[in-house]
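Colleague: Sequence:
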Amino acid sequence: MSARRLRLDLGYDGTDFRGWAAQPGLRTVQGEIEAALAMASREEITTTVAGRTDAGVHARHQVCHLDVSDEAWARLAPRRGESTDAATASSIVRRLNKILSGRYGERARGRDLPAAHGTCDVRIYSAAVVDPSFDARFSALGRSYAYRVSDRPEPLGRWDRLWVEDPLDEAAMNEAGAALLGEHDFLGFCRPREGATTIRTLRALRAERESEGTLVFTVEADAFCHSMVRSLVGALLLVGSGARDTDYPAQILRARSRSQAAPIAPAHGLTLEGVDYPDPSQWGARALQTRARRDTCCGDDS
Numbered sequence: 240m241s242a243r244r245l246r247l248d249l250g251y252d253g254t255d256f257r258g259w260a261a262q263p264g265l266r267t268v269q270g271e272i273e274a275a276l277a278m279a280s281r282e283e284i285t286t287t288v289a290g291r292t293d294a295g296v297h298a299r300h301q302v303c304h305l306d307v308s309d310e311a312w313a314r315l316a317p318r319r320g321e322s323t324d325a326a327t328a329s330s331i332v333r334r335l336n337k338i339l340s341g342r343y344g345e346r347a348r349g350r351d352l353p354a355a356h357g358t359c360d361v362r363i364y365s366a367a368v369v370d371p372s373f374d375a376r377f378s379a380l381g382r383s384y385a386y387r388v389s390d391r392p393e394p395l396g397r398w399d400r401l402w403v404e405d406p407l408d409e410a411a412m413n414e415a416g417a418a419l420l421g422e423h424d425f426l427g428f429c430r431p432r433e434g435a436t437t438i439r440t441l442r443a444l445r446a447e448r449e450s451e452g453t454l455v456f457t458v459e460a461d462a463f464c465h466s467m468v469r470s471l472v473g474a475l476l477l478v479g480s481g482a483r484d485t486d487y488p489a490q491i492l493r494a495r496s497r498s499q500a501a502p503i504a505p506a507h508g509l510t511l512e513g514v515d516y517p518d519p520s521q522w523g524a525r526a527l528q529t530r531a532r533r534d535t536c537c538g539d540d541s
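Just so you know, we're using this note's numbering here: the sequence shown kicks off at 240 and counts up by one.
Keep in mind that the hints were calculated from the coordinates and are not lab data.
Ideal Cβ positions, reconstructed from N, Cα and C, are used throughout, including at glycine.
Misleading hints may appear alongside valid ones.
With a straight-line Cα cutoff of 20 Å, these simulated DMTMM-like cross-link-like pairs (lysine to aspartate or glutamate) come out [claimed, not checked]: (1) Lys337 to Asp248; (2) Lys337 to Asp255; (3) Lys337 to Asp390; (4) Lys337 to Glu393; (5) Lys337 to Glu422; (6) Lys337 to Asp252.
With beta-carbon atoms standing in for the labels, derived distance ranges [unchecked claim]: (7) Arg432 to His300: 42 to 50 Å; (8) Ser520 to Gly320: 41 to 49 Å; (9) Gly320 to Ala443: 42 to 50 Å; (10) Arg445 to Arg299: 36 to 44 Å; (11) Met278 to Ser322: 14 to 22 Å; (12) Ala325 to Asp518: 32 to 40 Å; (13) Glu282 to Arg530: 40 to 48 Å; (14) Ala325 to Arg493: 45 to 53 Å; (15) Glu451 to Thr323: 38 to 46 Å; (16) Pro371 to Arg299: 41 to 49 Å; (17) Thr323 to Arg391: 34 to 42 Å; (18) Trp398 to Thr323: 37 to 45 Å; (19) Glu447 to Lys337: 36 to 44 Å; (20) Thr457 to Gly320: 42 to 50 Å.
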């Protein structure tokens, strides 16, 4: 049975999700998307994601891939007009978003929560048929996260940023973060999974103040092990508050020990901002390279 590989680009508000990965009896992003796919195609379809975000973590731009059989593809094709791959992909986006918003509306009504028509906490932005060599997880060159912190409580920002009472020293945090850049064993900043490497290449770790006053930590790497982003931010927040000196994160890095692990910042301040991929001609080679290096690694977790 032949199949088409489909790339989905999407975003979500992680507040009401127990993370990306499907879990029995719990509402997850993967669970919602795969339920919508099953309703639309009348077939069970499994997704593979670029970054498996934790409970409460948001995504402005997430990527996943899935394989759709010819039979399911025919059921997903537009009922009228052209039935090219591009037309069917566009139809899939519309149908999935309609199902997702309907499920969200039912959930909101069941909890007596207001929900404007058509709104949802997960949205498919686009779909495209891609070469089978594309792997959302292993073909990626890197991921970019943002962690938002506010020292001025704002009711409208309570779901996507951490509130702190004490002022933070940006210069000290940036000095501390610069010492962690490059390829290292980040065991002290990870919750390691069995058989998974904790060696990563950290490309950016900086704090910048936005015009309205929100402090944004930008964190970029080839991939992240479990809880790595929030642990990096947690260590820098201690430096910024003056509770630790600027060498504290580097000490954790050098120790390479879970007994001296960094504190983990709360999930709701973290957003996956984007995933980078090479030229399509390099998708397969990149996936092979990443698999060989990571072995049984988790690929990417927040």
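Colleague: Quick check: which numbered hints come out false for this structure?
Modeller: Hints 3, 4, 5, 7, 8, 10, 12, 13, 16, 17 are the ones this structure does not satisfy, whereas the remaining hints hold.
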